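2 protein chains.
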Amino acid sequence: MRPQDIIRKKRDREQLLPAEINFFVDGVTHGQIADYQTSALLMAIYLNGMNEAEQQSLTEAMLQSGSILDFSGIAKPKVDKHSTGGVGDKTSLVIAPLVAACGVCVPMISGRGLGHTGGTLDKLESIPGYRVSLSASEFQNVLEQVGYAMAGQTAELAPADKKMYALRDATATVEAIPLIVASIISKKGAAGLEAMVIDVKVGSGAFMREEERARTLAQALVKTGNSCGIRTRALLTDMNQPLGCAVGNSIEVKECIEILRGEFAPAAQPVFDLSLELSAQMLVLAHVDDSLDEARQRLQRALESGEALERFRQNVAAQGGDPRVCDDPRGVLPLVSESFIVESRRPGYITAVETSEIGHAIAALGGGRVRIDDKIDATVGYISEIKIGDQVTAGQTLGMVYSRDESRARETVSRIQAAYQVGDEFKRDLPTLVKEVVE
Amino acid sequence: MRPQDIIRKKRDREQLLPAEINFFVDGVTHGQIADYQTSALLMAIYLNGMNEAEQQSLTEAMLQSGSILDFSGIAKPKVDKHSTGGVGDKTSLVIAPLVAACGVCVPMISGRGLGHTGGTLDKLESIPGYRVSLSASEFQNVLEQVGYAMAGQTAELAPADKKMYALRDATATVEAIPLIVASIISKKGAAGLEAMVIDVKVGSGAFMREEERARTLAQALVKTGNSCGIRTRALLTDMNQPLGCAVGNSIEVKECIEILRGEFAPAAQPVFDLSLELSAQMLVLAHVDDSLDEARQRLQRALESGEALERFRQNVAAQGGDPRVCDDPRGVLPLVSESFIVESRRPGYITAVETSEIGHAIAALGGGRVRIDDKIDATVGYISEIKIGDQVTAGQTLGMVYSRDESRARETVSRIQAAYQVGDEFKRDLPTLVKEVVE
Numbered sequence: 444m445r446p447q448d449i450i451r452k453k454r455d456r457e458q459l460l461p462a463e464i465n466f467f468v469d470g471v472t473h474g475q476i477a478d479y480q481t482s483a484l485l486m487a488i489y490l491n492g493m494n495e496a497e498q499q500s501l502t503e504a505m506l507q508s509g510s511i512l513d514f515s516g517i518a519k520p521k522v523d524k525h526s527t528g529g530v531g532d533k534t535s536l537v538i539a540p541l542v543a544a545c546g547v548c549v550p551m552i553s554g555r556g557l558g559h560t561g562g563t564l565d566k567l568e569s570i571p572g573y574r575v576s577l578s579a580s581e582f583q584n585v586l587e588q589v590g591y592a593m594a595g596q597t598a599e600l601a602p603a604d605k606k607m608y609a610l611r612d613a614t615a616t617v618e619a620i621p622l623i624v625a626s627i628i629s630k631k632g633a634a635g636l637e638a639m640v641i642d643v644k645v646g647s648g649a650f651m652r653e654e655e656r657a658r659t660l661a662q663a664l665v666k667t668g669n670s671c672g673i674r675t676r677a678l679l680t681d682m683n684q685p686l687g688c689a690v691g692n693s694i695e696v697k698e699c700i701e702i703l704r705g706e707f708a709p710a711a712q713p714v715f716d717l718s719l720e721l722s723a724q725m726l727v728l729a730h731v732d733d734s735l736d737e738a739r740q741r742l743q744r745a746l747e748s749g750e751a752l753e754r755f756r757q758n759v760a761a762q763g764g765d766p767r768v769c770d771d772p773r774g775v776l777p778l779v780s781e782s783f784i785v786e787s788r789r790p791g792y793i794t795a796v797e798t799s800e801i802g803h804a805i806a807a808l809g810g811g812r813v814r815i816d817d818k819i820d821a822t823v824g825y826i827s828e829i830k831i832g833d834q835v836t837a838g839q840t841l842g843m844v845y846s847r848d849e850s851r852a853r854e855t856v857s858r859i860q861a862a863y864q865v866g867d868e869f870k871r872d873l874p875t876l877v878k879e880v881v882e
Numbered sequence: 444m445r446p447q448d449i450i451r452k453k454r455d456r457e458q459l460l461p462a463e464i465n466f467f468v469d470g471v472t473h474g475q476i477a478d479y480q481t482s483a484l485l486m487a488i489y490l491n492g493m494n495e496a497e498q499q500s501l502t503e504a505m506l507q508s509g510s511i512l513d514f515s516g517i518a519k520p521k522v523d524k525h526s527t528g529g530v531g532d533k534t535s536l537v538i539a540p541l542v543a544a545c546g547v548c549v550p551m552i553s554g555r556g557l558g559h560t561g562g563t564l565d566k567l568e569s570i571p572g573y574r575v576s577l578s579a580s581e582f583q584n585v586l587e588q589v590g591y592a593m594a595g596q597t598a599e600l601a602p603a604d605k606k607m608y609a610l611r612d613a614t615a616t617v618e619a620i621p622l623i624v625a626s627i628i629s630k631k632g633a634a635g636l637e638a639m640v641i642d643v644k645v646g647s648g649a650f651m652r653e654e655e656r657a658r659t660l661a662q663a664l665v666k667t668g669n670s671c672g673i674r675t676r677a678l679l680t681d682m683n684q685p686l687g688c689a690v691g692n693s694i695e696v697k698e699c700i701e702i703l704r705g706e707f708a709p710a711a712q713p714v715f716d717l718s719l720e721l722s723a724q725m726l727v728l729a730h731v732d733d734s735l736d737e738a739r740q741r742l743q744r745a746l747e748s749g750e751a752l753e754r755f756r757q758n759v760a761a762q763g764g765d766p767r768v769c770d771d772p773r774g775v776l777p778l779v780s781e782s783f784i785v786e787s788r789r790p791g792y793i794t795a796v797e798t799s800e801i802g803h804a805i806a807a808l809g810g811g812r813v814r815i816d817d818k819i820d821a822t823v824g825y826i827s828e829i830k831i832g833d834q835v836t837a838g839q840t841l842g843m844v845y846s847r848d849e850s851r852a853r854e855t856v857s858r859i860q861a862a863y864q865v866g867d868e869f870k871r872d873l874p875t876l877v878k879e880v881v882e
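Same order as they appear, the protein sequences are chains Z and R. Each residue of the first sequence is one higher than the one before, counting from 444 in the working numbering. Each residue of the second sequence is one higher than the one before, counting from 444 in the working numbering.
Rather than coming from a laboratory, the hints here were simulated on the basis of the structure. Please read these numbers as outputs of a predicted model, since none were measured by experiment. Take the hints with a grain of salt, since some may be wrong.
Just so you know, same-sequence chains aren't split out, so a pair can sit in one copy or run between any two.
[What the hints assert, rightly or not] The calculated DSSO-like cross-link candidates involving lysine-lysine, where the alpha carbons are at most 27 Å apart (straight line), are:
id	residue 1	residue 2
1	K606	K452
2	K452	K605
3	K452	K870
4	K605	K870
5	K606	K830
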């Protein structure tokens, strides 16, 4: 078998056989196939797609390319949530302790922010002392003690995905559905999950801007996840504006703690609602509850009793962070008081937000990575106060930019201001938070 | 400018700007763009194509990527012929001396055989002592003395093409028309040509099997060549059976010398005819003659007077080879007498020949390269005696395989035997040698 013959088949839209896909993934994993051959195949897959059988083989091969975590010693259902990425998308920090409080084991392997989207690991690291690099045994210990653990992908889990992802980023082949599906499911499968809920973001701040394409992705994720033995559901959710208020690292953690404490701003309601919805789906998939209604009630009780916040506290302590963050986020998190108002340039109704531009602006201010080795500044961020459909006057505050660097903050204010579209007429079809459940 | 943004544009079928193409070609030439990014772009070009403006920019950028030969000191028109590659395609060895004898300067940069096609340089090297690696000044000296010189592409000429070609070979992106056009024209332009004739082969032994695709290639070559300031014509010629009799290295040189001597087998007539036709086109493009008829007459005279053979002799001597090869090819060339008959398996008419299979069989016998660093055995080859349309009896000789290795020769005989289709009915539409002139 020669790599170029496999590339040629995909180039010519012929179906790749499982043995050919295995040969390629194995060669990528062990460095026997040159990066330039891998990237040519990735582009051919991007442009010519993969059918179900190929998708399945690719995912299985990547899943099997490294070690597979085994939590069979933990007598709880293992369920996780994954998001395709958005702006202000912070539900993981609410969902993991909340679902853990309901008796589910959540081994959450998370990512870093790149491009316009934030990353759970970056957010967590804004808690002083919090460690996201855990050894396999540390991860398991935290999981056993707390019910959930948060860590980055290790070199042992789905190494083929790690290599291919780096190449995809450099060769404009990130957005291919078969590659996204194989990447997500292989990592989740290697983390030893029984079930998972995938939050497929759609809109101006998501990788998928069109609902049709997001739906295709959601369907492929569900089908492939189930075929790999992971009970999988996907929710199509709105990403046409930042989720909740905060976009940034420390300020997103603060918003999550406020939700866990039941003391949050009205504009943060969508974070609460979406976290509850995704968590309810997880409890049903975990067979903890038979219906979503029962699950929602159980989750409400875990929030109101303080049990969810308590799990969060335990996790922070177990992963080396300062647990006082739960009681006094303002005192513990690195926050800055210097703020700059983003004003509406004209009166009218907010009709649209170029959400990825807000993500890029905050990343450029230091809140994210423009290049993969950029250092994150946990203090900077944006708090949005106004949503699509709201009426504004000229000069009314749309939100606040936080940064100690005044000149960069002013640039950020301009970029974010330009991201809001203000029209004369009220927008009738406001975005629905959860658009569809794919199962 | 980032390579991945250029890749993304081509991936999304947007037109690349000249500055973007220059940036990429420059980065490839100087190693600033990673091979895996180049190969992703090559695959995107393969699958999404290029329009005329992009084709032009790519070719110019590759042409300008290295040094450009300057033969302005030679007061003759500089014209070359290029073939897209075939089996038994040996016309360069006849055309160069023949056209040089008519007052044209032919700086011929040739290639090696790879895959099922032979290469002019490999054929020439079967002449004892002949050197195809010439320095720029040696090349110019031979050109001035003899009127033509034959050498391989140096590292200085179109280096971007050299790098891209190696990647294309390893990533199944060789057969893309925009890449073929840019590769050919950039090399020819860097060799300082004023005009060129391109022999676009079509059929079972060519890279382009379908006439429609070959015509598209021919048209793109002519358009791009002319846009780069090289007067260009292309001929679509038949490659549905080996050209002439000999397929191999020494035996092809022998066939060419026989043609230059006017003493050749009837089955070699197509080599004579095609050489004359391509040469006549060169003379007209060189403005040596106004009409093809005049050119043909001039060429006939150069052959009959022995002047063409004399040029060949001078070139062999100037490039270090043994010039006695012209008088006694059998005594000078490494030929073997061990031969094995390829017999027709049944009576009937020859209806088709899987020509690339003959090329592959002779390459596997040692006459070509299966891998790029394989050594060539100049002695082996195949002499075909029967053409499409000929009537044969069962057991009649189709041709002879030459090799000292009996067991490999017998394998070769079987492969070649299977390449001939023998049918019950006479094939009415025999292949025409020159199908079309594109100008």
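- prompt: For K605 vs K870, is the C-alpha pair at or below 27 Å within one copy, between two copies, both, or neither?
  reply: neither (42 Å within a copy, 57 Å between copies)
message: Cα distance capped at 27 Å. Does K606 pair with K830 within a copy, between copies, both, or neither?
response: neither (39 Å within a copy, 53 Å between copies)
- request: Please work out whether the CA atoms of K452 and K605 approach to 27 Å or closer within one copy, between two copies, in both situations, or in neither?
  value: both (24 Å within a copy, 25 Å between copies)
- request: Pop the pair K452 and K870 into one bin, within, between, both or neither, using alpha-carbon distances up to 27 Å.
  value: Answer is neither; intra-copy 48 Å and inter-copy 33 Å both fail.
query: At most 27 Å between C-alpha atoms: does K606 with K452 qualify within a copy, between copies, both, or neither?
result: Result: close both inside a copy and across copies, 22 Å intra and 23 Å inter.
Hint check: violations occur at hints 3, 4, 5; the rest are consistent with the structure.
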